[in-house]
Amino acid sequence: MSRAAFRLPRGSIGLAMFVVASIALLVAFAPAWRTAKAATGALPLAAPLPDKVPPGVVLRVGDPVSEWIFRHNGWDKKLPFRIQWAEITGGPDTTEALHAGALDVGTGANVPPIHADWAGIPVRIVAFREFKDARHKAAWTFGIAPHAGIRSVADFRGKRIAFSPSQVQAQVVLETLRAAKIDPRDVTLIELPSSIGGDVYTNALASDEVDVAPLGAGLVAARYLSKFADLGARLLPHPPFRDDGVVEFVPETTLADPGKAAALKIYIHYWGLAQAWADAHPDELARGYFVDVRGLPLPDARLQVKALGPSTVPRSWDDAIAYEQSAIDILAPQTGRPVFDAARLFDRRFETIAADAAAGGQA
Amino acid sequence: MNAHTDIVAQRATDLAPRTRRLSLGTPSRAGLLLGPGLLLLYWSVLSATGFLDPRILPAPWTALTTAVDLIHQGRLQENLTVSAGRAAAGLAFGAVAGVAMALVSGLSQLGSYVIDGLVQIKRGIPILALIPFMVLWFGIGETMKVTVIATSVFFPIYIQTHSALSAIDLRHVELAETLRLTRWQFVRHIVLPGALPGFLTGLRFGATGAWLALVVVEQLNATSGIGYMVTLARNYAQTDVMLVGLVVYALLGFGSDAVVRLIERRALAWRRTLGQ
Amino acid sequence: MSPAVSVRGLVRFFTLKGVLNGVDLDIAPGEFVALLGRSGSGKSTLLRALIGIDHEASGGGEVHVPQRTSVIFQDARLLPWMRVLDNVVLGLRGADVRERGRQALAETGLGGREHAWPHELSGGEQQRVALARALVRQPQLLLADEPFGALDALTRVRMHALLRRLSDVHDPAILLVTHDVDEAILLADRIVMLDRGRLGLDMPIALPAAAPTRQDYVGSVRETLLRQLDASPA
Numbered sequence: 001m002s003r004a005a006f007r008l009p010r011g012s013i014g015l016a017m018f019v020v021a022s023i024a025l026l027v028a029f030a031p032a033w034r035t036a037k038a039a040t041g042a043l044p045l046a047a048p049l050p051d052k053v054p055p056g057v058v059l060r061v062g063d064p065v066s067e068w069i070f071r072h073n074g075w076d077k078k079l080p081f082r083i084q085w086a087e088i089t090g091g092p093d094t095t096e097a098l099h100a101g102a103l104d105v106g107t108g109a110n111v112p113p114i115h116a117d118w119a120g121i122p123v124r125i126v127a128f129r130e131f132k133d134a135r136h137k138a139a140w141t142f143g144i145a146p147h148a149g150i151r152s153v154a155d156f157r158g159k160r161i162a163f164s165p166s167q168v169q170a171q172v173v174l175e176t177l178r179a180a181k182i183d184p185r186d187v188t189l190i191e192l193p194s195s196i197g198g199d200v201y202t203n204a205l206a207s208d209e210v211d212v213a214p215l216g217a218g219l220v221a222a223r224y225l226s227k228f229a230d231l232g233a234r235l236l237p238h239p240p241f242r243d244d245g246v247v248e249f250v251p252e253t254t255l256a257d258p259g260k261a262a263a264l265k266i267y268i269h270y271w272g273l274a275q276a277w278a279d280a281h282p283d284e285l286a287r288g289y290f291v292d293v294r295g296l297p298l299p300d301a302r303l304q305v306k307a308l309g310p311s312t313v314p315r316s317w318d319d320a321i322a323y324e325q326s327a328i329d330i331l332a333p334q335t336g337r338p339v340f341d342a343a344r345l346f347d348r349r350f351e352t353i354a355a356d357a358a359a360g361g362q363a
Numbered sequence: 001m002n003a004h005t006d007i008v009a010q011r012a013t014d015l016a017p018r019t020r021r022l023s024l025g026t027p028s029r030a031g032l033l034l035g036p037g038l039l040l041l042y043w044s045v046l047s048a049t050g051f052l053d054p055r056i057l058p059a060p061w062t063a064l065t066t067a068v069d070l071i072h073q074g075r076l077q078e079n080l081t082v083s084a085g086r087a088a089a090g091l092a093f094g095a096v097a098g099v100a101m102a103l104v105s106g107l108s109q110l111g112s113y114v115i116d117g118l119v120q121i122k123r124g125i126p127i128l129a130l131i132p133f134m135v136l137w138f139g140i141g142e143t144m145k146v147t148v149i150a151t152s153v154f155f156p157i158y159i160q161t162h163s164a165l166s167a168i169d170l171r172h173v174e175l176a177e178t179l180r181l182t183r184w185q186f187v188r189h190i191v192l193p194g195a196l197p198g199f200l201t202g203l204r205f206g207a208t209g210a211w212l213a214l215v216v217v218e219q220l221n222a223t224s225g226i227g228y229m230v231t232l233a234r235n236y237a238q239t240d241v242m243l244v245g246l247v248v249y250a251l252l253g254f255g256s257d258a259v260v261r262l263i264e265r266r267a268l269a270w271r272r273t274l275g276q
Numbered sequence: 001m002s003p004a005v006s007v008r009g010l011v012r013f014f015t016l017k018g019v020l021n022g023v024d025l026d027i028a029p030g031e032f033v034a035l036l037g038r039s040g041s042g043k044s045t046l047l048r049a050l051i052g053i054d055h056e057a058s059g060g061g062e063v064h065v066p067q068r069t070s071v072i073f074q075d076a077r078l079l080p081w082m083r084v085l086d087n088v089v090l091g092l093r094g095a096d097v098r099e100r101g102r103q104a105l106a107e108t109g110l111g112g113r114e115h116a117w118p119h120e121l122s123g124g125e126q127q128r129v130a131l132a133r134a135l136v137r138q139p140q141l142l143l144a145d146e147p148f149g150a151l152d153a154l155t156r157v158r159m160h161a162l163l164r165r166l167s168d169v170h171d172p173a174i175l176l177v178t179h180d181v182d183e184a185i186l187l188a189d190r191i192v193m194l195d196r197g198r199l200g201l202d203m204p205i206a207l208p209a210a211a212p213t214r215q216d217y218v219g220s221v222r223e224t225l226l227r228q229l230d231a232s233p234a
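Residue numbers (the numbering used here), protein chains in the order written: chain A, 1 to 363; chain B, 1 to 276; chain C, 1 to 234.
It is worth saying that the hints were derived from the structure and are not from the lab.
Do not take every clue at face value.
[Said to hold, decoys possible] Partner residues are not named here, just some residues of chain A that face chain B (Cβ under 8 Å, in silico): (1) Val19; (2) Ile23; (3) Leu26; (4) Ala30; (5) Glu96; (6) Ala97; (7) Asp186; (8) Thr188; (9) Ile190; (10) Glu191; (11) Leu192; (12) Pro193; (13) Ala204; (14) Gln304.
[As the list claims (entries may be wrong)] Output of the computed footprint for chain C on chain B, the stretches with three or more beta carbons under 8 Å from beta carbons of chain C: (15) 162-175; (16) 179-188.
Computed from a predicted structure; not experimentally measured.
All C-beta atoms in this analysis are idealised placements derived from N, C-alpha and C, irrespective of residue type, glycine included.
Same shape as in the complex, but just chain A (with noise of 0.2 Å):
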């Protein structure tokens, strides 16, 4: 290999000034060092909702199925601002979508929020919503993969469990090792992010990844057990506790923009509505969104709204707040995170509104 002299290509010189000059602009001006980014609007949370929304106001709102009712209702277009629905649901996406500021307002169970606050994301809890007999009507069931050789709860010890500490199935699983008295370090954990339509969770079960998994107790349960119930896949109920908290969180981003706060407000008294009108019309829900929508055959779609029904807003937030302190409290010893005050993460300005427009009617 010849060593000829190492001649510069035409142009370098040029190039280098450039680089040069840039950089030295970019330094000159840089902003200034971003600590936390702190919220850039002028309204403090503790200062009442306005009213009025300016014009030009997006709100963008992670929620298939409100925005469906809104649509099938019309009062999406009685609204004085413009929404843009956004095809994101369930924890870990909204998360995501949070984290990289793609998103106003989303919609999950309770542990999400939870989760946000611990990624270092503030959110806001602003309107609630649970089933109107919690006591006897679960959310969650356990699905059995075919061969674990679990009978009861108890049979949990030494086994592999699905894990998803950013979602509310992470709680169900602790609490029912709570109850079962089962220390969390006698089992497996697998850290497996479920995805909403149930796939990633069946199939772990399937295929045998894990023992046990929890499964929403509507369809996504039913299907399992129709797919590989001739396997030996089973189901099993978890032991009496709350599990089925819904709600709508936002970041203090949006919170802190005046024109975004009075939109929210107008949009959570709609959402309250849309609460009380999916739970008295659940078959045109059904027809008009599951199966038209999400394309499900008519039983299944009946099947999943029967399950996430009958639910109410209530117009208290104690309850709330402390179901998601024991949330809280279980996740924070097994996700090595600091306990905090559950409080915090509700905006109680909004605490009345969803109910009232539930309890009112119409618009």
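Given chain A, put chains B and C in place with the hints provided.
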């Protein structure tokens, strides 16, 4: 280099060129680092000056510090070993299958009709579209993951090797006939070496395909591997871990490509082409 | 003595084009025959039929060639991924094969180049390796298809001398296909010419030793041959 060649080199540079050189000349290997180097430079400056929100894209040195943390925790090595193992297994199976099928298809007319026809059809279906079926047939365990990777590897290797086999110089085939070589001698001395360059090209594409497939399968239903690590990081909004995962994938891809190119240079030392 | 090569009624055609139209040819053991003809006269077809690699052609006729037949082509056809010695002994078995290969290379003047790669050799050197490869098998018949056509004049002269020397030493029957009239006269014991798919001319050659007579002889033979070539249709 001796004094004479130095003098010659000196004289060569003293001459002013009489005709303008239009072609680019042989690139220096170090020169290829300029682009990535500039990228790294601007990235660092943007991070240091605060233009870049660390939650959206962490500074490059964060990748290092996070990687060190992960190594301390053992998570990086654990997941890396699993990922590399899957990729290696998939690559091995896919390459063996690809070569075997290419040989059968290249050396037998009937084989060519059957196999080549099937391959050309399957070529049009992206592997990622087959994944839902792979899940149904193979579950979500290691078997499925390695199979998906092997399938991604199989196609470029088969296609390149088969193509090289078809292009085997007819004159060499005639030579084999005149020398009355046995079928085995023919395959060993003429077919295989003739197909080797094509196979190695296919191997380079196959390695790329392996990493691509690996990334995908590790984000679905995985409980180990770099992709799993990144999925968890997405859940916890840990952009720095996500970055480490990306860098690891990049290094693996780049590294495997470099290894194959090294093999190419050794195995094809007899070639005297312009690229050397 | 029975002929080394015996061809009777050889017919070859490709789709619509008839190329060989009933060729009869005998070559005695140790005889050096040169085959002349215009381009397209079927010289290569005949040779390929003798080698037995004309799978694409149709036709008929009888061909007998000896068991040990070697071939050299116009291009040396060395396998680029094998070193010179490996090329020479390709396909041979036996304990002393490599030693024989070395000797063959030495005979062709390439002693010491056993470990070179083919691409490091010049055209003439590559053709010498091909010769060594052909001769190491101790052929009873050597078929050569315009082996020196691609070489420059000076190299060609050297190759002629080499071929003559080797044929004296090893004494195979040789069929040399060439378009070079002078080459044919210089090397062959006998010259045959293909004309309209058959062998037209069949002329024994006896080169006189003394220089002036040799010049005249060569000149008159050349004239005859060229006239014959000229007369046959394209």
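Verification of the supplied hints:
1. Because the smallest distance between the Cβ of Val19 of chain A and any Cβ of chain B comes to about 7 Å, under 8 Å, the interface hint for this residue holds.
2. This hint holds: Ile23 of chain A has a C-beta 5 Å from the nearest C-beta of chain B, less than the 8 Å allowed.
3. Taking 8 Å as the C-beta cut-off, the interface hint given for Leu26 of chain A holds, the closest approach to chain B being about 5 Å.
4. With 8 Å as the threshold, the beta carbon of Ala30 of chain A comes within range of chain B, its nearest partner Cβ sitting at about 3 Å, so the hint holds.
5. Proximity of Glu96 of chain A to chain B holds as hinted, the smallest CB-CB distance being about 5 Å (cut-off 8 Å).
6. Checking Ala97 of chain A against chain B: minimum C-beta separation of about 10 Å lies over 8 Å; hint violated.
7. Hint status for Asp186 of chain A: violated, given a least beta-carbon distance of 20 Å to chain B, over 8 Å.
8. At its closest, the beta carbon of Thr188 of chain A sits 11 Å from a beta carbon of chain B; the interface hint therefore is violated under the 8 Å criterion.
9. A cut of 8 Å between beta carbons decides the hint on Ile190 of chain A: the least distance to chain B is about 6 Å, and the hint holds.
10. With 8 Å as the threshold, the beta carbon of Glu191 of chain A comes within range of chain B, its nearest partner Cβ sitting at about 7 Å, so the hint holds.
11. This hint holds: Leu192 of chain A has a C-beta 6 Å from the nearest C-beta of chain B, less than the 8 Å allowed.
12. The interface hint given for Pro193 of chain A holds, since its Cβ lies 6 Å from the closest Cβ of chain B, which is under the 8 Å cut-off.
13. Because the beta carbon of Ala204 of chain A sits about 6 Å from the nearest beta carbon in chain B, less than 8 Å, this interface hint is met.
14. Against a cut-off of 8 Å between C-beta atoms, the interface hint on Gln304 of chain A is violated, since the closest Cβ of chain B lies about 22 Å away.
15. Beta-carbon proximity to chain C at under 8 Å applies to 4 residues in the stretch 162-175 of chain B; the threshold of 3 is reached and the given coverage holds.
16. Restraint check on the stretch 179-188 of chain B versus chain C: 4 residues with Cβ-Cβ distances below 8 Å, three needed, restraint holds.
Comparing the model with each numbered hint stated earlier shows that hints 6, 7, 8, 14 do not hold.
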